[in-house]
Amino acid sequence: MLKDLVNPTNFNLLVGKLGDVLTKALDQPLGYAINWGRIWSLWPVHLETACCSVEFGAASGPRYDVERFGIIEAFGSLRQCDLVVVQGTVTRKMAPRLRMVYDQMPDPKYVIAMGACAITGGLYIDSYNVLPGVDGIIPVDVYVPGCPPRPETLIQGCMLLQEKIKRSKIR
Amino acid sequence: MSSDQSKPQTAPEQKKSNIDSTQSSISKKTESITPEFEGSLTNQLVTRFGDKIVKVIYVRPGRTKILVPPNEIVQVASFIRDSLGFDHAESVSGTDYPNDNQIEVIYHLSSYSDEKLSSQILALSTRVDRNQSTIPTLIDIFKSAEYHERETFEMLGVYFEGHPRNERFLLPEDWADIPPLRKEFRIKGR
Amino acid sequence: MENEQKFEETIKMGLDIVKETEEDRLMTLSVGPQHPGSGHFRFTIKVDGDYIVFCDPDPGYVHRGEEKMCEYRNFIQNIPHLERPVIHDSTNITYSYSLAVEELTNIQVPLRGQYIRALASELNRQVYTLYWLGIYGIFLGHSTMFMWPVGDRELFIDLLEALTGARVTHAFNIPGGVRNDMPEGFKDRCLRQVAYFEKRLAEYEDIFYNNPLFRQRTEGVGILKKEDAIKLGVTGSVLRASGVPFDVRKAEPYDVYSEIDFKIQYMKSCDSFARSTVPFLDMKESCHIIRELLDKMPQSGEVRAKLQPNPKGPAGESYKRVESGRGSLGYYIVSDGTPKPYRVKISVGSFRNMLALPFLLTGSKLADMPSIYWSLNYWPVEADR
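Chains as they are written, first to last, in the working numbering: chain A, 143 to 313; chain B, 132 to 321; chain C, 1334 to 1718.
Hints in this document: simulated from the structure, not taken from any laboratory.
It cannot be assumed that every hint is accurate.
Said to hold, decoys possible - With a Cα cut of at most 30 Å, we get these calculated BS3-like pairs of lysine-lysine:
no., chain 1, residue 1, chain 2, residue 2
1, B, 247, C, 1559
2, C, 1698, B, 274
3, C, 1698, B, 196
4, C, 1379, B, 274
5, C, 1673, B, 196
6, C, 1698, B, 247
7, B, 274, C, 1601
8, C, 1698, C, 1558
9, B, 247, C, 1339
10, C, 1559, B, 319
11, B, 274, C, 1520
12, C, 1564, B, 274
13, B, 186, C, 1645
14, B, 196, C, 1583
15, C, 1379, B, 186
16, C, 1564, B, 314
17, C, 1645, B, 319
To be verified - These stretches of chain A come out as covered by chain C in the derived footprint (C-beta under 8 Å, 3 or more residues):
no., stretch
18, 152-165
19, 267-274
For every residue, glycine included, the Cβ atom is placed at its ideal position computed from N, Cα and C.
If we strip away everything but chain A, and leave its shape as in the complex, we get:
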C-alpha cells in the first residue's frame, strides 16, 4: 500500500511536506535547548579594562559566587569565549585592542558594559584620553550602572542578559 502512495509524481511533495512538519515540530524545543545551553555557560574573556575589575574579581569570590551561573573566567584562549565584560574606563590606547578582541571572538557573542565609565565616560568624561562610552565601538547588550557596581548588581546584569538570550531566535 505504501508503494501506491509513494509514486514518482508526489514523492517530492511528500518530502517537502514532511520537512515542513519536522521544522515546525522541532524548532521551538531545539531553540529552547540551544538557548538553555548558551545561558548557563557564558564564558567571559579575561580582559580587564580599568578599576571595575576589582569588583569583578570579588564577584568570582566565594561570597558572590558567579560561577553558579556558569560564568567562569576562561583563562585560556579567547576563541572559546562568548562574553566580553567591559570593566570600566576605556582609554584611547585600549580602544583598538578592545575592538580586535571583540572581532576575534566567534558568534554568538554578547557585551556587558560595566560601570559608569563604560556607559558614558563616567567620572572621567572631561579627560583627554577617555572614550565617552564604549557603545561607539562595540554593540552593547546590557548596561550595568554603578561606580563601581556592587557584585550583586553585576549578577543582576548577567541575569538580564540571560533573559535576553532566552528570547532570541536561533538562526
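Following the hints, complete the assembly by docking chains B and C onto the known chain A.
Then chains B and C, alone, in the frame of chain A:
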C-alpha cells in the same frame, strides 16, 4: 559627648621621637629659625659651588629646595650623590609657568642607605626656557629617574639629552596634540 | 673518493644556505592587555628558546589624565577621582593627598580624627594585600589561594562599609580629617575580626607558603640584590625583601604613627619568595597595629576640622608621602593661592617598581615570568594614573 574637645595636634613633622637623636628638635612655630640639620646640607652645597650656581629656595623641617642653572645640574647632582649621600630619586616632575616663560623640572631626592637622611627630601630644581627646553639627563647618576624623565618628556615636551629613549610612554601611539600638561592644553569643555 | 669529496662539498653548501642568523633565533612575544597573566598592562619580550633576552614595558592602557584633571577642580572636589587609581586601597592614596593639602592650607586635624584615619589606612592595607595574594595564587594556578583571601577580604570590606558607607571607594579622608565618626560597637567588631584573621593567616602559611610547588617556583627566582634595589629606587615590599629596612611609617612618621610601636618586617634573601612573604608579614604586623590604635584612641572628640567652603592657602608647595600597600606614595602639590591646585604630581610605588621588571626578566626563563611580574607588587591602573 564631652564638652572639652581634645587638643588638636600640631603639624606632623614635630613627632620625630624615634629617629636618630642627633637630628635637632624642629620648631615650626617661628619660621625665622631654620632647622639645623637641613641647614647644614644646604650650607655644604653653597660652600662647594658658590652662591651664583646654587640658590636656596627654602629650608623646612625635612624638606629643602635648591635651584641650579640647567648646565650645572650634572655636577651638583654628582656632588649630592657622592658627598652628601642621597642615592635615589623619589620622583621627577615638571611644572609649566607660562607667565615666566619657563618650565621648572624638579627632582626629589632621598636616601635609603643613610639613617639620618632617610627622612629628608632634597628638591633639586632647574628652570628651562619653554620654547627650547633641553636639559642634560641625570640617569647616569640616579638610575631611578629613567622612566620619570621619559614621562616628563611626553607630558611637557622637555628633551633630556643623553636619555636613550625620549619617546611616548603613557599616551596613545597616535597622539598628535601638544604635550598635555602645558597650560595652553585645555580639557574639553573647560 | 671524488664522489665522497663532492658529497661533502654539497653538504657544506647546503648548511651555508640554511645557517641561522642571530635574529632568526629570537621570537617576539607580546604579553598584551588581553592575557590571563598580565592585567591591564603590556610588555614585549624577545625569547631565545626558553630564556628571555629583552623586555620592554608598555604602560598607558589606563592613562586617564588624573594630574591634568586635578588642576580643574578644587581641593575637596579632587578626592573622588583621586581614589580611583587604586580603587581597593583608596584610603591610602587620599591620605597622602590630605596631608599635603593640610600643610599647604594650615589646617590642624583633631586627635581622634588622626586615629581613625590611621585605623582606616591599616584596614585598607589588609584589603589590598589580600586581593594581591589572591591574584598571585591564581597566576600560579593555585585557585584555592584565590578563593580564601578573596573570601576573607569580604569580612574586612564589611567593616569598612560599616565605617565609611561604601565597599571600595570610600571618599573617607578629606583635608581636615575624616568625614564621620565610628559607629557604635565598631571597636568590638574590629577586635573580633582581627582575632579570627590571625588564625586564618596561620592557615595561609600552611597551604601556600609551605607548599613545595610554590617554593620551587619562587625560591631563587628573580634575585634583586641590595645595591641594585637601592640604585633602581624600588620601594615598598620589594625593597624590604632585598634587605633594606625602610618603611615610611618609621622613617618619617606622619599623624599618630610615632606613638605606635611596631617592627619593620624585612627579609634578606632577595628572591621572589621573599617578595611574596614580606606583604604577608606586613599583614601580621598590621593586626598588632590595629589593636594598638583601638587601644590608644581617645574616647571622644571631633573627627574633622571646620573648613571654609573653598579652602585655600598662601602660594607654596609641599611634598608628603605615606606608606601604602605598594610602597611610598608621594604627592607634590604646588599651589598659587587659589582654591584649585596649580600642579599635582603623584609619585606611586608601582611606577617606580616598574624599572625592576626589565632588569629582572632578562636572563630568566619564560615560565618564571608570572612569579617575577606579580611579586613586584605592580598595579597597572595606579602606574598609569
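Does residue 1673(C) pair with residue 196(B) here, judged by a C-alpha cut-off of 30 Å? holds (23 Å)
30 Å limit on alpha-carbon distance, applied to hinted pair residue 247(B) and residue 1559(C): holds (19 Å)
Check the hint pairing residue 247(B) with residue 1339(C) against an upper bound of 30 Å on the C-alpha distance. Violated. Residue 247(B) to residue 1339(C) sits at ~78 Å, over the 30 Å cutoff.
Compare the distance between the alpha carbons of residue 1564(C) and residue 274(B) with 30 Å, and conclude whether the hinted pair is satisfied. holds (6 Å)
Coverage of the stretch 267-274 of chain A by chain C (three or more Cβ within 8 Å): It holds: at least three residues are needed, and the stretch 267-274 of chain A offers 5 whose Cβ sits within less than 8 Å of chain C.
Are the Cα positions of residue 1379(C) and residue 186(B) separated by 30 Å at most? violated (47 Å)
Would the hint linking residue 1698(C) and residue 274(B) be met if the CA-CA limit is 30 Å? Between residue 1698(C) and residue 274(B) the Cα gap is close to 25 Å, so the pair holds against 30 Å.
Need the status of pair residue 1698(C), residue 196(B): alpha-carbon distance at most 30 Å? violated (44 Å)
Proposed proximity, residue 1520(C) with residue 274(B) (alpha carbon, max 30 Å): violated (46 Å)
With the threshold set at 30 Å, check whether the alpha-carbon distance from residue 1698(C) to residue 1558(C) stays at or below it. holds (19 Å)
Verify the proposed pairing of residue 1645(C) with residue 319(B), using a straight-line Cα cut of 30 Å. Answer holds: residue 1645(C) to residue 319(B) is near 25 Å, not above 30 Å.
Holds or violated: residue 1564(C) to residue 314(B), with C-alpha atoms at most 30 Å apart: Roughly 34 Å between the alpha carbons, so the hint for residue 1564(C) and residue 314(B) is violated.
In this structure, the earlier hints numbered 3, 6, 9, 10, 11, 15, 16 and 18 are contradicted, and the remaining ones agree with it.
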